[in-house]
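Chemist: Given next are the chains, with one letter for each unit.
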Amino acid sequence: MKRLAVQIFVLLAVSAGLAFAANRLRTDRIVLQADPTRYRYQDVRFVELGEAARLHEDPTTLFLDARDAESYAGRRIFGAVSFPADDIETAYAELRDFLAPDMPLVVYSKDLLLAVRAARYLNERGYDAAVLDGGWDAWHRARLPVE
Amino acid sequence: MHCVLSRPARYGIAWVAVAWMGLVIGASVAAAAPRGVIVGDAHRSAGEIEPSEVLSYEFTLRNDGDETLAIQDLKPTCYCTSAKTTLWDVPAGGTAKIQVRIDPSDFVGRIKKGVEIVTNDPQNPVLLVDVDIVVRPGIAVIPPELDFGRVAETGSNSPLQFQVKVPRARKLEITGVSSEAAFLKAEHEPLELDERFGATVFVDVLPGAPPGAFRSHVLVHTTDTARPTIKVPVLGRGPGGLRAAPERVVFAVAAAGSEVGAFEVSGGTVHEVSSSDPRVMPKLESLGDGRFRVVLHLSPDASKGRVMARVSVASKAGEDPDLTVPVLGMVR
Chain L
1 MKRLAVQIFV LLAVSAGLAF AANRLRTDRI VLQADPTRYR YQDVRFVELG EAARLHEDPT
61 TLFLDARDAE SYAGRRIFGA VSFPADDIET AYAELRDFLA PDMPLVVYSK DLLLAVRAAR
121 YLNERGYDAA VLDGGWDAWH RARLPVE
Chain V
1001 MHCVLSRPAR YGIAWVAVAW MGLVIGASVA AAAPRGVIVG DAHRSAGEIE PSEVLSYEFT
1061 LRNDGDETLA IQDLKPTCYC TSAKTTLWDV PAGGTAKIQV RIDPSDFVGR IKKGVEIVTN
1121 DPQNPVLLVD VDIVVRPGIA VIPPELDFGR VAETGSNSPL QFQVKVPRAR KLEITGVSSE
1181 AAFLKAEHEP LELDERFGAT VFVDVLPGAP PGAFRSHVLV HTTDTARPTI KVPVLGRGPG
1241 GLRAAPERVV FAVAAAGSEV GAFEVSGGTV HEVSSSDPRV MPKLESLGDG RFRVVLHLSP
1301 DASKGRVMAR VSVASKAGED PDLTVPVLGM VR
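Chains L and V, in that order, are what the protein sequence lines are. Per my numbering, the very first residue in the first sequence carries number 1; after that it's consecutive. Per my numbering, the very first residue in the second sequence carries number 1001; after that it's consecutive.
Some hints could be false.
Restricting the straight-line Cα-Cα distance to at most 25 Å, the calculated cross-link-like pairs of lysine to any residue (SDA-like) are [unchecked claim]: (1) Lys-1165/V <-> Ile-1049/V; (2) Lys-1231/V <-> Lys-1112/V; (3) Lys-1097/V <-> Asp-58/L; (4) Lys-1304/V <-> Phe-46/L; (5) Lys-1112/V <-> Phe-1183/V; (6) Lys-1165/V <-> Tyr-92/L.
So the derived list for chain V, only partly shown, Cβ under 7 Å to chain L, looks like this [stated by the list, open to error]: (7) Ser-1082; (8) Pro-1282; (9) Met-1330.
Read the hints as simulated data drawn from the structure, not as lab findings. We put the beta carbon where it would ideally sit given N, CA and C, even for glycine.
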């Protein structure tokens, strides 16, 4: 009886270990620890860095830079388009013709507040905008393509 | 040498000397410390604002000490607040600007939001700057804009509608609706919900819309002095004039010099095509029957990166374009 219990325990422990390891290796992993930022912005979808890098390979995905125009002019994610959240009405008026509801949009900023604001604004208008988790800093730190 | 002082007196003098030296050393150590102070008012008031307004404030932190003041952290008191500094290490006598941004859209009523500035100042390591705000209950417009798409000569087939939803806590009346354009007709009827009230606004495009793309507004008039009018954008494309098919060109990845797409133009004679981005080179071809084709190539020396161009199509030479076609893609 005792031996059976030990065997069950070992089997469960090994399975759990493998499951955790497999989850950790996946780019679309299940988040095991609650992120307070996501909890606060439940109406906005976040994409992790790995997923964003994969989306960046797909040129139909449009990356929108919600920082101010000066920061955008300095350095930006390769192929990103300026969409300054501080002047969102003007930015949207200039960009609107280029957008389509089925076009994946990834919004980023140095300041999460701006990216969330820009994504919310676009989603309210029927677009599919997500926020890059970690924003510009995470992308830049990971040495992903910039221009 | 013979000492005239008694032993207790000698001890007393020695203790006084030691204490004096301690004071001198202590004072010199204290003087060599950084000291952070907020110049001007550290606590400000924004008054009453709409929840859609994002507030930006700048506070000045000055180092009144004589060693470098290191800003170790900026801790917003709310997820709705962010902060950045122009300088992390402030030299003696120098200043840093602390820029604070507050997005109050998740709140209603009186709130106080700010940032704790954590420094290496030994006497006052945490300085608080904050802003008192009164957030008005927000007015929601759903959807926030109307797009009629292509409109026939006879106007729109059916009206589009939007709703203006006002929380009951916000005392206002909707007194009417109007349009900026003569070809738009707007009517409203009251909307009564449990916690909100407002209006449902019906918008129609009448015959007489101008050819090509139009962008106008419907105005909702209220008794609220803070928001006497609520502007709702109305978009569409009027009948007649030049038309493009497709209305937008999107290409994935293309190399310099390659063809990236084409669109057909009908509804009139095309005289000129031009592009807002020199990397996109439009070439006009006549297809007969009053139809034209615009073929788009990338220039042979097109630099890498995102292409966001507007190709303008004009029916008369030297005049404003009748039509613009967005072109989106990537050069790699």
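Chemist: Take the hints in turn and mark each one as holding or not.
Modeler: Comparing the hints with the structure gives:
1. For the proposed pair Lys-1165/V and Ile-1049/V, the alpha carbon gap of about 18 Å is at most 25 Å, so the pair holds.
2. With a C-alpha separation of about 30 Å, the suggested pairing of Lys-1231/V with Lys-1112/V is violated against the 25 Å cut-off.
3. A C-alpha spacing of about 40 Å is found between Lys-1097/V and Asp-58/L, which places the hinted pair above 25 Å, so the restraint is violated.
4. Annotation: proposed proximity of Lys-1304/V to Phe-46/L is violated, straight-line Cα distance about 28 Å (limit 25 Å).
5. At most 25 Å may separate the alpha-carbon atoms for a hinted pair to count; Lys-1112/V and Phe-1183/V exceed this at roughly 46 Å.
6. Under the criterion of a C-alpha separation no larger than 25 Å, the hint pairing Lys-1165/V with Tyr-92/L is consistent with the structure, at around 23 Å.
7. At its closest, the beta carbon of Ser-1082/V sits 5 Å from a beta carbon of chain L; the interface hint therefore holds under the 7 Å criterion.
8. Hint status for Pro-1282/V: violated, given a least beta-carbon distance of 16 Å to chain L, over 7 Å.
9. Look at Met-1330/V: its Cβ gets to within about 4 Å of chain L, closer than 7 Å, so that hint holds up.
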